[in-house]
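S.K.: Chains as they are written, first to last, in our numbering: chain G, 1 to 176; chain C, 177 to 284.
Bear in mind the hints are in silico, worked out from the structure with no lab data behind them.
It is possible that part of the hints are untrue.
[To be verified] Covered stretches of chain C (in silico footprint by chain G; criterion: 3 or more residues with CB under 8 Å from a CB of chain G, positions within the stretch not fixed):
1) 183-194
2) 222-236
3) 240-246
4) 272-278
C-beta atoms are modelled at their ideal positions from N, C-alpha and C, and glycine is treated no differently.
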Amino acid sequence: MLILVTGASGSGKSGFAENAALQFGQHVTYIAAMKPDGADAQKRIDRHRAMRQGKGFHTVERYTDIKSLDVRTPAILECLPNLLANEMFSPEGCGAENAENEIAEGIRTLAEKCGNLVVVTDEVGSDGVTYDAATEKYKKILGSLNRRIARAADEVYEVVCGVPMKIKQEGRSCTY
Amino acid sequence: MIFVTGGAYVGKTEYVKNNFGADKKTVNGLHKIIRDAMANGLSPYDEAEKILADNPDIVICAEVGSGIVPLDAFEREWRETVGRISCMFAEKADAVIRVVCGIGVKLK
Chain G
1 MLILVTGASG SGKSGFAENA ALQFGQHVTY IAAMKPDGAD AQKRIDRHRA MRQGKGFHTV
61 ERYTDIKSLD VRTPAILECL PNLLANEMFS PEGCGAENAE NEIAEGIRTL AEKCGNLVVV
121 TDEVGSDGVT YDAATEKYKK ILGSLNRRIA RAADEVYEVV CGVPMKIKQE GRSCTY
Chain C
177 MIFVTGGAYV GKTEYVKNNF GADKKTVNGL HKIIRDAMAN GLSPYDEAEK ILADNPDIVI
237 CAEVGSGIVP LDAFEREWRE TVGRISCMFA EKADAVIRVV CGIGVKLK
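The following block holds chain G by itself, in its conformation from the complex:
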């Protein structure tokens, strides 16, 4: 089972996604893609750590190349926008040209190994702002990846103010 969870920042999607992943069993791997670069990132990481403390996750920090991750338990990948930024912009990443296919393939492979995988993503294209070329490219690839993963997913949710809206169920769009 592949579940995609999207929503704005601060919408409560991580909490929802964690609980969704925990329904798959007691041993759930938490794949953390956010690099602890700077105080702001560290603060977010600390907040997420506190949030999942006691929930029994086994945390794996992985910033790039999820394809080669060997996880054999249900898992949650938090989150796609960080993973994409790492692949596109960090020295260890595979670069902007390869990032989309590399990640799409990585998620497909990972979902197979995990059996059940929850992927957390983000909505970044609703502010009407046109950014510099690199950022626009990032937005475009993230949008494209979101669609590819949603297509492959069994369930898709958009979380709004903490309320999960189910927009795909049993492999079919359930809202139109």
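Given chain G, put chain C in place with the hints provided.
M.R.: Here is chain C on its own, set in the frame of chain G:
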């Protein structure tokens, strides 16, 4: 008329093509039409009325108002106008669809 909205790169155009076919009378990019009208000193509301009078089957418009209010007056007015005109189209539409991750969510 079917009004389709959603953020940038969510797959609005692809969604319309896959679900309604390529042969429909479609206005794609209402937000850009509004912007061009404003940049050229024309009334975006007049342009919107012209589009409506032409009876399109489908109108696609990006959602642009979910960020920080821009400092720049033109950007601010554009965002606001896209929102207002979207409300206008949605009210007149038979169906309103918001696309998220390529999935159409029916709002109306």
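S.K.: Against chain G, does the stretch 272-278 of chain C show at least 3 residues with beta-carbon separation below 8 Å?
M.R.: Answer holds; 4 residues pass the 8 Å Cβ test.
S.K.: Apply the coverage criterion to the stretch 222-236 of chain C and chain G: a residue qualifies when its Cβ sits closer than 8 Å to a Cβ of the chain, and three qualifying residues are needed.
M.R.: Violated - the stretch 222-236 of chain C has 0 residues with a Cβ nearer than 8 Å to chain G, which falls short of three.
S.K.: Do three or more residues of the stretch 183-194 of chain C come closer than 8 Å to chain G, measuring C-beta to C-beta?
M.R.: It holds: at least three residues are needed, and the stretch 183-194 of chain C offers 6 whose Cβ sits within less than 8 Å of chain G.
S.K.: Count the residues of the stretch 240-246 of chain C with a beta-carbon closer than 8 Å to any beta-carbon of chain G: does the count reach three?
M.R.: The restraint on the stretch 240-246 of chain C holds, since 6 of its residues have a Cβ under 8 Å from chain G and three suffice.
Checked against the numbered hints given earlier, this structure breaks only hint 2.
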